[in-house]
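Enquirer: So the chains spell out like this:
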Amino acid sequence: MTGTPLGVQSVLRHAPDLVIEEFDDALLIWDERGGHLHHLDLVASVVWDELDGRRSLAEVSVELAATLQGGGDHIETDVLRLAETLLAEGLLEPASTSAEGEEPVTNGRREA
Amino acid sequence: VNPVYGAHGHRFTVVTDERSLAARAERALATLRSANGTAPGSYRITRREGLLDLAFEGELIGSRASEDSVLLLLHWHVNQRVIDTAAEHRTTFHAAAARSPSGNGILLPAPMESGKTTTVTGLLCAGWSYLTDEAAAVDLDGTVWAYPKPLTIDRGSWPLFPHLEPPEVADTASSWLVTAPEAGASVVERASVCSIVFPAYRRDEATDLTPLSPSEAALRLAQSTFQFDRHGARDLRCVSTLARTIPAYELTIGALDQAIDRLQRLDEGQANAA
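Heads up: the sequence lines are chains A and X, in that order.
One rule links them: number in the working numbering = place in the first sequence (from 1) + 1.
Residue numbers are given in the working numbering: position 177 of the second sequence equals residue 158, and the series is strictly consecutive.
Any given hint could be a false lead.
What the simulated footprint calls covered on chain A by chain X, stretch by stretch (three residues with Cβ under 8 Å from a Cβ of chain X suffice, anywhere in the stretch; the number is not a length) [stated by the list, open to error]:
(1) 34 to 46
(2) 56 to 68
A few chain X residues that don't get close to chain A, going by computed Cβ distances all over 12 Å [as the list claims (entries may be wrong)]:
(3) -15
(4) -4
(5) 17
(6) 182
(7) 249
(8) 250
(9) 252
Keep in mind that the hints were calculated from the coordinates and are not lab data.
The beta carbon of each residue, even a glycine, is placed where N, CA and C say it ideally should be.
Input sequences plus hints: build the corresponding full structure.
Expert: As structure tokens, then:
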């Protein structure tokens, strides 16, 4: 199964085995499985907090756009791009199938 | 009886028939003398076909042509072992550390060639006490534990400390090994870190001390941690706690005397605030 590419209807959640330290302007995340330390700046941290495994990337984008009060013209694209990066780095994982009949999203790595 | 040396659980003796070398090793390792602990491992230095072989527990580490070089090789190996054992028990930074006369500890994390040893040597010459110039093991509460190895002062810093030139150093040597007492300083077992300063030597730039945010300090501390990949969860918690509770700065070093003056004033400010 290769799955479908990430889309705005995808629902993502934080991967397990992460150690997270929150600061006012950033997050530091230690990925126990991957053995990597990640630094998320303030903007990425805000998006990260919204990825709760219940709402789609589109819903998260709408919410963030409302919070930014008109400052989010390209927010859906930015959220999608960030999610792709975090998924590829193993910090996020699919929370569910995006819609009935669709395959689970993948992080771009083909499974054997 | 050979003296026993040690730090952070790495205990060792140095055995050699070379009398001059034995005396130099004993002088350079004086601040690592260790009374108690587990049975020590044994370094042995022997002369073979014009070279000096260094072995630990019977295994050859390397061969060098001069006493200066084999002493530096010995210290390199001791460093690796001490760092390994220290990092097993505590978050251990690639850092220098010292304690001010008022009792405040300073942690100076930085990569090689950034000015750690030069900065801490400058502090010792200004009356501070010594903890380390290489590896600082730190508890979650900010206690830093000493690894009082000899200062390894590289050739580029020799003009700053001409009074510290050891006897018996060849013209070809790359570094001086100087103990803290030889620099006029005492050694302390531990200190409470009151400031974290990341030194960065930048020739021709103005000396400056710039505050860092807690997140920036935590990230830099993580990048300065030995074996972070082996103890990531423990070490991330430690660096984050330290960064949230202890003020952190970047120290751009254009001139050493000005840098030491900045650190002295920082310490005075903390002492007055306390």
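Enquirer: Would you mind marking each hint as holding or not holding in the structure?
Expert: Checked hints:
no.: 1; hint: 34 to 46; result: holds (count 3)
no.: 2; hint: 56 to 68; result: violated (count 0)
no.: 3; hint: -15; result: holds (37 Å)
no.: 4; hint: -4; result: holds (40 Å)
no.: 5; hint: 17; result: holds (36 Å)
no.: 6; hint: 182; result: holds (25 Å)
no.: 7; hint: 249; result: holds (29 Å)
no.: 8; hint: 250; result: holds (24 Å)
no.: 9; hint: 252; result: holds (28 Å)
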